[in-house]
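Counting along the sequence shown from 1, when you hit position 19 you're at 19 in this note's numbering, and nothing is skipped either side.
Derived from the structure by calculation, the hints contain no laboratory data.
Treat the numbers as computed from the prediction; the structure is a model and nothing was measured.
Honestly, I wouldn't trust all of these hints.
[Claimed, not checked] With a cut-off of at most 25 angstroms between alpha-carbon atoms, the simulated DMTMM-like pairs for lysine to aspartate or glutamate come out as follows: (1) Lys228 / Glu178; (2) Lys59 / Asp49; (3) Lys212 / Asp249; (4) Lys80 / Asp49; (5) Lys112 / Glu65; (6) Lys122 / Glu135; (7) Lys174 / Asp127; (8) Lys152 / Asp127; (9) Lys228 / Asp218; (10) Lys224 / Glu178; (11) Lys59 / Asp12; (12) Lys185 / Asp218; (13) Lys59 / Asp4; (14) Lys170 / Asp233; (15) Lys122 / Glu78; (16) Lys32 / Glu17; (17) Lys228 / Glu175; (18) Lys141 / Asp127; (19) Lys122 / Glu65; (20) Lys228 / Glu168; (21) Lys112 / Asp56; (22) Lys228 / Glu188; (23) Lys217 / Glu182; (24) Lys245 / Glu182; (25) Lys80 / Asp60; (26) Lys185 / Glu206.
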Amino acid sequence: MNTDQAFDLLRDAGVTESISIQTVRRWMREGKIKYEGGNKNRKTGYIIDDTNQAFDLLKDAGITESISIQTVRRWMREGKIKYEGNGNRETGYIINDTVSKVSINDRIDQNKDEIIHRLKLKIQAQDKHIEGIEELHESAKNILIQQRDNFKKEVVILKNEKSKLQNETKDLLKENIELRNELIKVKENKRDNYNDSNNQSNDYSEKLGLAKMASNKDVLAEYKGLLKITHPDHDGNAKVFHYIKTDYDNFRKFIKGK
């Protein structure tokens, strides 16, 4: 095989022109090409001794094994390879007609076994990946179930607290109503006894529910307590507060006028 044939072989196998030129030059230096080709009139075809030589050439040129197999098959069909090898390949590319032969089918079978082995490994890796995803899914599902149960418990607790607060609010409103009713009674007693000037001091004491002999200091203290309770700022009744405040002011005037 000469340089022209080697160059055409590499170009036909898909190797770029620049890499083909570099490879042919290297084969010339290594003595793997018998002689240089003609000047400008290269033969269009080339004959390779056997499939072993073809595989070695393509491998040394950097072509992958799968592409090499397809290329060698095509060259066999096109008659560019004289015959198949039998598995005992020599190290050099220049071989005689007595070179040992290898079966291309053996290479293909070996390649198939390797591809099947790689596919099995890939399937195993994918199965492990799927198992990992399933475990993550199961873990996430359990977490969501637990969160849902906790949420339901919190909802029940909040409902109970709401019911408790509603009951407490009702009790407070009831107490507030009772207190307002008491204050209204105080006001009504005040109206009934307000004009009795001779017993005015006793009237104040009676309206407040104090003893008739209660001191002015006790009366004032009682009024202040009622004012504090009925003050609007403390959710008291503004009208009741006004009535008590009026009584309180009148009582102070009464004390000062004595």
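Would the hint linking Lys59 and Asp4 be met if the CA-CA limit is 25 angstroms?
19 angstroms, holds
Keeping to a limit of 25 angstroms between CA atoms, is the pair of Lys59 and Asp12 held or broken?
Holds. Lys59 to Asp12 sits at ~14 angstroms (cutoff 25 angstroms).
For Lys80 and Asp60, compute the direct alpha-carbon distance and say whether it is at most 25 angstroms.
19 angstroms, holds
Hint check: Lys112 vs Asp56, CA-CA at most 25 angstroms. Holds or violated?
19 angstroms, holds
Hey, Lys122 versus Glu78, does the alpha-carbon distance stay inside 25 angstroms?
36 angstroms, violated
Between Lys228 and Asp218, does the CA-CA distance stay at or below 25 angstroms?
Holds, at roughly 15 angstroms.
Lys80 paired with Asp49 [C-alpha distance capped at 25 angstroms]
9 angstroms, holds
Is the hinted pair Lys224 and Glu178 satisfied, with a Cα-Cα distance of at most 25 angstroms?
Roughly 19 angstroms between the alpha carbons, so the hint for Lys224 and Glu178 holds.
Given the proposed pairing of Lys174 with Asp127, does the C-alpha separation stay at or below 25 angstroms?
Not satisfied, since the Cα-Cα distance of roughly 70 angstroms exceeds 25 angstroms.
Check whether the Cα positions of Lys170 and Asp233 lie no farther apart than 25 angstroms.
20 angstroms, holds
Compare the distance between the alpha carbons of Lys152 and Asp127 with 25 angstroms, and conclude whether the hinted pair is satisfied.
37 angstroms, violated
Hinted pair Lys122 and Glu65, Cα distance within 25 angstroms:
OK: Lys122 and Glu65 at ~20 angstroms, within 25 angstroms.
Checked against the numbered hints given earlier, this structure breaks hints 7, 8, 15; the rest are met.
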